[in-house]
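Participant: Chains A and B supply the protein sequences, listed in that same order.
If you count the first sequence from 1, position 10 lands on 9 in numbering that gives the first Met the number 0, and the numbers rise without skipping.
If you count the second sequence from 1, position 839 lands on 838 in numbering that gives the first Met the number 0, and the numbers rise without skipping.
What the hints contain is simulated information worked out from the structure, not anything from laboratory work.
Computed from a predicted model, the values in this text were never measured in an experiment.
Heads up, the beta-carbon is just placed ideally off N, CA and C, and yes, glycines get one too.
Wrong hints could be hidden among the right ones.
[Said to hold, decoys possible] A few chain A positions that, by computed beta-carbon distances, are all more than 12 Å from chain B: (1) 8; (2) 50; (3) 77; (4) 78.
[What the hints assert, rightly or not] Derived pair list, reagent style BS3-like, types lysine-lysine, alpha-carbon separation capped at 30 Å: (5) B:690 to B:836; (6) B:480 to B:279; (7) B:971 to B:924; (8) A:86 to B:728; (9) A:34 to B:874; (10) B:971 to B:961; (11) B:279 to A:79; (12) B:476 to B:279; (13) B:690 to B:745; (14) B:728 to A:34; (15) B:498 to B:511; (16) B:745 to B:880; (17) B:905 to B:651; (18) B:745 to A:86; (19) B:685 to B:880; (20) B:874 to B:685; (21) B:690 to B:728; (22) B:880 to B:690; (23) B:498 to B:357; (24) B:745 to A:79; (25) A:79 to B:728; (26) B:498 to B:393; (27) B:690 to B:795; (28) A:34 to B:880.
[Unchecked claim] The calculated label-pair distances, taken between Cβ atoms and stated as ranges, are: (29) A:12 to B:221: 33 to 43 Å; (30) B:435 to A:60: 49 to 59 Å; (31) B:537 to A:70: 18 to 28 Å; (32) A:79 to B:266: 46 to 56 Å.
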Amino acid sequence: MIRINCPFCGERDHSEFGYGGDASIQYPALDAPAKDWIEAVFQRENIAGVQQETWQHTSGCRMWIVVERNTITHEIHSVKPAHPGTKTLLANAGDHQ
Amino acid sequence: MSGHRIKNGGRIDRSKPINFTWDGMPRSGYEGDSVASALMASGDMVFGRSFKYHRPRGIMSAGVEESGAIISIGEGDRKDVNVKMTTQELYQGLVATGQNAWPSVRFDLGAINNSMSRFLVAGFYYKTFMGLPPFEWGKGTWLWMQYEKIIRKAAGMGESSREADPDHYEHAHGFCDVLVVGSGPAGLAAAQTAARAGLNVWLVEQDAEHGGSLLAESSDTERTAALSELSDLGVTIMNRTTVFGLYDYGVAGLLERVTDHLSSADPRLPRQRFWTLRAKHTILACGSLERHFAFGNNDCPGVMTTQATRTYLNRYGVLAGEQIVLATNNDSSYSTACELARAGASVTLLDARNQINKKVAQKLSAANVDYRAGHTVVKANSGAEGVSSVLIGKANGSEWTATDQLPCDLVALSGGWSPLVNLISHRGVKPVWDPSTACFMPVDSSEPLTMAGSAAGIWNHDDCIKSGHSAASMAAKSLGKETTSVVMPATGGWNSPIKPLYEVTVPGKQFKGFVDPQHDVTCEDIRLAHREGFVSVEHLKRYTTLGMATDQGKVGNIIGIALMAEALGCEIPAVGTTTFRPPYTPISIGALSGQSVGAHFRPLRRTPMHNWNLVNGATMTEAGLWQRPWYFARGVETISSAYIREATTARKSVALCDVTSLGKIAIQGPDATEFLNRIYTNPFAKLPIGKARYGIMLRDDGFVMDDGTTWRLGESDYFMTTTTAHAAKVMVWLEELLQTRWHDLKVHVTTVSEQWAGVAVAGPKSRDTLLECVEDPGVMENAVFPFMGVIETTLKGGIPCRIARISFSGEMAYEVYVASDFSPGLMDLLWPIVQSKDGCLYGTEALGALRIEKGHVTGAELDGRVTIEDAGLGKMASPNKSFIGSALRNRPDMQRHDRPRLVGIKPVDHNFTFHAGAILCSEDKVEGLGEGWITGVTHSPELGHWIGLGYISGGHEAWYRKRAIATDPVRKGNVEVEIISPHMIDPSGSRMYG
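In isolation and in its complexed conformation, chain B is listed as follows (with noise of 0.2 Å):
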């Protein structure tokens, strides 16, 4: 193929040259052009290798289903592969190169793989390495991985860039009464009857100009016509926008391009735009595709779709060759032909069925075609880059006879055309086959959704203008709106019928023909999957990987179906079809994420003291989405030294810690006492005002859901505090119970988590230093403010306050809450105090200290799989009283003794340690799932060592001089361990109460 520009004519301006680089080598085109037609100009043949057998490929198409052209575009972290050459639109400064080859698409060492084509058949790489024998016989697949690295590299598709994508991506969301997808002929007519209605349209193009069919065209009068009514009438006309599925609701998800063609965009600009559009209803004016049919070597560079080279000339003005040879069975192809010769190449038309219509005949002789009825290629002869001639053959009965060779650079195909039903099965409905026309056909869907124009199998132009109409009218009715029926014509509109052609054989001849060119399935892998029993469509296609390449199958399936049929001896339709999913064409996993990246991949929650915690030294962590403090490290400290000395001031003077994440939430009104008894374990009923309780709720399985401190402020006024990780999901709990459940309960739940920041004052010292702090001395006394107990009171300052006295770190401590906007102030007043005892800020490492030694637990104890027997907590399940989870916590296997419990860990060296996750073992079988399981670990200041929590089957009392071993293969090894009680310090309770 020797593709040149004609002088005049097309859609491109001549007036403004465009220049980029293939392959490195510079090249030229104008502006107007895709990659496809300014390369086709320039004379360029080969474009990419295929899959396997690294056979060149060259341009197939003038559209999203090119199978051959298919290339990387960009370079470094801007670089986007496996991009259509057909699609790309040109800008100055594009740098285009091929893939899958080296070290070039026109001398491709790889394609050594085409002289050994006759081993690598289809499932060849499984047959021969998964499992070799005699190595691997019937085991395992080590072998395998070693080889697949290899074959999947040799097998390639373009190398992505490995560096973080630069561009930004948008969602956006829209509404509109009616949809229309495309804008051919029957496009453009359904949104001018929709709009006329009055209705709101959006009219979405994939392509850069709208017109669909009507860019082929010679003239451009019918289409600017009706772009310049929709305009008036306020159509929302989208471009550059693939509408990649349908979904429920009406919705419709598009992917806009909005950089993708600028050489140099507005950095303010998203490269795409994600948009989620619901219409009442949406009209599928789509198209078709035009087919290929197989024959041999009918993948050679120079091989295209008919429909293709007519937009070359009449959209890009390029005449694909000069020397063309037009198979085709069906009636779309005459006109073409015609155009083709007016524009200077000598066309030779072949039309397999076995006569031509004489006016058409005539009008092929007056363009100067030479055309034969009852002919078609049979085999493609290849010369130093593309076509050189072609094996021609006449028809007898359903296969062919060779007859002679033409000299050619270019074959033009039409082997009948398909309605892109894709989006259509988005929705569940399956294409029928249609023999009269030889394609699958949509049906009618149940939603408000309608096909029209060639979408709709109606191949007359003047039909799909009328079937635009007609869809539109009906939308409009639908939508209550006045308009004049119109009736939806017939599918079909040829004069002659079409002579169904998927592959030519000749009798007693071999050729390679192939069905999808991009994954290189050949006619053969169709049988040899027959042969081997993968009949059914869906193992055909992954045996063979027909259709699983980037085109999803537009160019082959039908091919590959109808082989399969014959090979079974059925008709299509009992081999039937694939099911479309979306997306119809790629789409950037970047345009998925959209804003959602970086910081805003999820919310970030800051308390209130966050900046007071930054200046006094914190390196924060991330509990759930909350920033917490980690250590504050003084001097050279690192975080293993800063936490242990932390604790250990916490257990020697007084520490104070952020604990504002935690959840609270008020629960007020007369039934609150009533309400908190039903949901927690232990009883709430006669908890008296100005004491605060423990508690735990249970899930209605009877496990556990969370713990936490309730508070009595008053009568018919508690105050709740939940763990970090469970605020959202127990205020979602009690709500429900609430409004599903309990309608009889008169109780407001509020979250004021936010509203209120939280420090713990933990130490020996604690007292002394709220003392300090607060207005009225007497209120600290140990006889009026014990453990558990609560006070509203005033701090220095003039801070209003709310004081528990409970305590996580196994001290005596307090929680201290204030409204948010007072804590810096709160801190400014305690931190000065707290210093001059010699204490320190402590975070979440430290507290984690304390509590394991504690034998406390958290959200990596309260896991959801824990019974509150199985947390040593027992005893908090009243059996006086009713309550969320109290029946079904008592099945037999929930009360087994040799479930894992909670228990304490300590390495039997004391030099030693072991991590959270290591599975616990007995010391005869360290093998399998184990015993149980470390779920935290910390160095103890106060014990010298290491020691952890966890889980063990029967609890510490049944490891009573039993060995335990801390398994942890990938990270640390085997550790010997002794289990014991989880109450690894003051577990009398002395510091809390004193």
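Next comes chain A alone, as it looks inside the complex (with noise of 0.2 Å):
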């Protein structure tokens, strides 16, 4: 029943929306050793409270987002593309209106 604020849609029902996960993890290079790897993978917060996390808008414009969200009550404080590029993208379309 949750709403994302999709940055390239506008306000949508989570039903159009698919989850990825943990939007902190930062995940190594591909040659990093496997311990970072598996730090990255497996060693998983499960967090009671507010969490950044990914979603992707898959029934509507496929772009990946940042949620903040919190995991007791639902409440999403900030939502953002996961790619920076994207803020360009954004910022110049607003222009065109």
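Since each chain sits alone in its own frame, please combine them into the complex, following the hints.
Facilitator: See below:
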């Protein structure tokens, strides 16, 4: 029943989105040692509170976004595009309106 | 009880009679009646039998809390079971039948259980039949499984129709500023204030008519005035709609019963509509329920709540009894007593409290109500059909002393009122016990959610209205509207305090008093649960089944909690209450599934050649959401003879297969090569333009995710194919990597699965076939178009296409892709040429046979649990580069040599077969999880016997000269098999390269 304000499409029902995972994870370089990858892939926090997570607007613009959500109340504090380059795109789109 | 219709009054239309049947007998009522009011007016009394003891059950309420009069409505595929007679509107031709009784609810042979009730206490069946000593002492439940069927039959609810539901249902969505739940005095007031402030308001009422408790009043002016104003203000006013649950983000779940009250509905209308309503603010004015209390035989037909008698009188024009004993412990019953007396009943009011206010006493006298303070009902005596007299008692400390008998045909009870805290509980708000009003009170929510009226524990009518205005003004203010603040009135509001009363006991006497009349939970059962240690409210509930009937404890929970508190010697808050969960009242499964049934259950995907395939004799099968040709039977061929012929033809001459369902992704951009090199295990950095490569991608954790071919069309332009099953997953994965991890890569991924249609042309004559199709035959030369080559060319008739020479079948083969709209034309071009070479069309069954013979893996083998080595593709993991999964695939356990590896399987006796899913065991240990499993089985036309693919510990080398057993106890039994290399034909690949 969550509503997510997609930066590209506007507010939509969460059923249009696919859940990704913990957005705070910094994935190691592909040639990094296994222990770094084990840390990134398996050693996850199970946060009761506000966490950063990735979602994809699968049934919409298909863009990946980073959502700051409270796992207890489902309150969403912020939504931003996952790819920093899209900020410029959004800003330019605003200019044309 | 002998209820009858009074001459005037009520909200029924006496000019519109309605005929219906009750257990096959003709009955009649009026428009505006419920089934309960119409049958009560006809003098019927027994409408059901209780769950366990089969005691007769009558009408106990006038609403959704009904715990006695539970029946089935309708016949055949429209039979609806466990319907509360009190909420079912009457319609012409309605068919009502009793439940849980044989041969009928009035004469029920199952009632023998009642005479054995001293043995049938809480937990009886479990204690007696589970682990039945001495046969099953301490082990298993085999006997229980046998007895259970008989027990379940005897203890029952209505029997559902076995036919498919003929009705359809809808899902709908709504948005509003303020949702007001309930249209009693508080709800109407709240909607008025919110609408006057200019807010978009929804007023939702579960009943057919709006007004809540106002419908039980004799005057109608307040109700109609409020409704007409709301309608003028544009409020969305819904009836027959239950707010069954509250969820996150101000979402309310609503069930609108669209046609359940109609004898013949427009077939275009849904039976029910399931609403997801999003409200910025929710006001719960859902009211309160009057409670019973327990005394001897308090479940006898003819015992009901006081408010119910008032509703039957003023709303339905039915006087529920002629000689009424009304027993109360609070102020709410006096006016009802007067109204019943004025309507012609002889009424005796027993007030459990020791004093009756003088003014009240005068009013009661004036209305000819006989009254006694400090008295209550101790035991009901039943006559032929219902209550015939009551034993009454005088207060003696916390107990009672029996005094005298009073003849009567109706007992009206009021044990206090419970605010409906169900909905606010759905939001995690725990109600708190208030000793002064003897009920659980809601507390404030941190969400935009306000209680009003008696749901907030406010009893007084004027205060209820005020609380509605107050709640709405708070809502309006929070939504930025100008409004006058109204102070929320205090809770309570009776002149004399309530005297808590849950069970009437007489020293030295044992009465059978019921706490939960629908589930036959007695006061003694609660004490038994306490003695046996089930003292937590959650254990009490599960042990005795208190509150687990269709009313979900609306009637009995508080009595049960109070009795447990008494047994524990503590106060009610120390026992606590169980958690209310949605739905508030039952919802049909049909409404939950809505339109997502039958063909709409899930999307259907057809390839652009679908009709072409059908016209040419395809039998289709499902592959995920896709419809794919399964086989093309000729004449009398069965599936087996068809696929064997098709596979044989593909190996001997040439055959065509629609492979459009494969996922197709365009990968473009200056960094496309680098991107592919990171996601595939094998090197892609040096793939020349005009070449394709088979690739495997892993997940981060090093397990195989998917496989497919990727074709290089240009410097920065690739065409990737994925498996049919994982097309969507791979697309999401590529987008995730590009958008969340590798911001520096300049790559676009675009799904083109719908844009391109594909056909596999397989067999030794495949090149000859295509030679006749292309405009320039030169492009087909082996030297310019070798194995794994890619060309973009034009087919005869000007069809642009891309062709790759790749093989899933193990034969010389090509995959030809054209823009989707060209695909029927492509087939029309290919098919006559294929026919001229004695070729054929083939479907997924033959495709499977060909790939199993070759040991090519597919979704059944790449099931997310296998490493690249397990699948026998370890050589495809490049040691010279890093890729997704390269770090974690080298974990020690993933490199163990005894991991299950891909193998071929054949029966030792070639006449035998086995099934996919069978467990592979070693010969000397045919048990447990075995050593491996079988993933795919086919009859090999080439080899002339059955073969399979599967995984087994250590791979085929470890099983050299060792027999394995394919165990399949529920289907085939055990078959001796030989474990061999998965490459069962042409292991060198000479046919593909030729």
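Participant: Decide, hint by hint, whether the structure agrees.
Facilitator: Each hint, compared with the structure:
Residue-level check passed: residue 8 of chain A sits 15 Å from the nearest beta carbon of chain B, beyond 12 Å. Its beta-carbon lying about 15 Å from the closest one in chain B, residue 50 of chain A satisfies the requirement of being farther than 12 Å from that chain. For residue 77 of chain A, the shortest C-beta to C-beta distance to chain B comes to about 16 Å, beyond the 12 Å cut-off, and the non-interface label holds. With a cut of 12 Å on Cβ distances, residue 78 of chain A stays outside the contact zone with chain B, its closest approach being about 14 Å.
For the suggested pair residue 690 of chain B and residue 836 of chain B, the alpha carbons sit about 28 Å apart, so the restraint of at most 30 Å is met. Our distance criterion of 30 Å between C-alpha atoms is met by residue 480 of chain B and residue 279 of chain B, whose separation comes to about 13 Å. Between residue 971 of chain B and residue 924 of chain B the CA atoms are separated by roughly 18 Å; this keeps the pair inside 30 Å, and the hint holds. The hinted pair formed by residue 86 of chain A and residue 728 of chain B meets the criterion: a straight-line CA distance of about 26 Å does not exceed 30 Å.
Between residue 34 of chain A and residue 874 of chain B the alpha-carbon distance is near 24 Å, which keeps this suggested pair within the 30 Å criterion. The hinted pair formed by residue 971 of chain B and residue 961 of chain B meets the criterion: a straight-line CA distance of about 22 Å does not exceed 30 Å. Our distance criterion of 30 Å between C-alpha atoms is met by residue 279 of chain B and residue 79 of chain A, whose separation comes to about 24 Å. Between the alpha carbons of residue 476 of chain B and residue 279 of chain B the distance comes to roughly 12 Å, so the proposed pair stays at or under 30 Å and holds.
Simply put, residue 690 of chain B and residue 745 of chain B have alpha-carbon atoms about 22 Å apart, close enough for the 30 Å limit, and the pair holds. Distance restraint check for residue 728 of chain B and residue 34 of chain A: the Cα-Cα separation of roughly 27 Å lies within the 30 Å cut-off, and the hinted pair is therefore satisfied. Taking the CA atoms of residue 498 of chain B and residue 511 of chain B, the gap is near 22 Å; set against the 30 Å cutoff, the hint holds. Using a Cα cut-off of 30 Å, the hinted pair residue 745 of chain B and residue 880 of chain B holds, with the two alpha carbons roughly 20 Å apart.
About 23 Å separates the Cα atoms of residue 905 of chain B and residue 651 of chain B, which keeps this hinted pair within 30 Å; it holds. Restraint check for residue 745 of chain B and residue 86 of chain A: the C-alpha separation of about 16 Å stays at or below 30 Å, so the hint holds. Distance hint between residue 685 of chain B and residue 880 of chain B is fulfilled; the C-alpha atoms sit about 13 Å from each other, no more than 30 Å. Distance check on the hinted pair: residue 874 of chain B and residue 685 of chain B sit about 17 Å apart at the alpha-carbon level, within 30 Å; holds.
Distance check on the hinted pair: residue 690 of chain B and residue 728 of chain B sit about 25 Å apart at the alpha-carbon level, within 30 Å; holds. At most 30 Å may separate the alpha-carbon atoms for a hinted pair to count; residue 880 of chain B and residue 690 of chain B meet this at roughly 21 Å. For the proposed pair residue 498 of chain B and residue 357 of chain B, the alpha carbon gap of about 18 Å is at most 30 Å, so the pair holds. Proximity of residue 745 of chain B to residue 79 of chain A is assessed by CA-CA distance (about 20 Å); at most 30 Å being required, the pair is judged to hold.
With a CA separation close to 23 Å, the supplied pair residue 79 of chain A and residue 728 of chain B stays within the 30 Å bound. A threshold of 30 Å between alpha carbons decides the hint, and for residue 498 of chain B with residue 393 of chain B the separation of about 14 Å falls inside it, so the pair holds. The suggested pairing of residue 690 of chain B with residue 795 of chain B holds, with an alpha-carbon distance near 23 Å, which does not exceed 30 Å. Proposed proximity of residue 34 of chain A and residue 880 of chain B is supported: the alpha carbons are some 18 Å apart, at most 30 Å.
A C-beta distance of roughly 40 Å is found between residue 12 of chain A and residue 221 of chain B, which places it inside the suggested range of 33 to 43 Å. About 57 Å separates the C-beta atoms of residue 435 of chain B and residue 60 of chain A, a value consistent with the hinted range of 49 to 59 Å. At about 25 Å, the beta-carbon gap between residue 537 of chain B and residue 70 of chain A stays in the expected band of 18 to 28 Å. Checked against the given bound of 46 to 56 Å, the beta carbons of residue 79 of chain A and residue 266 of chain B, roughly 50 Å apart, stay inside it.
Consistency with the previously given hints is maintained throughout, with no hint failing.
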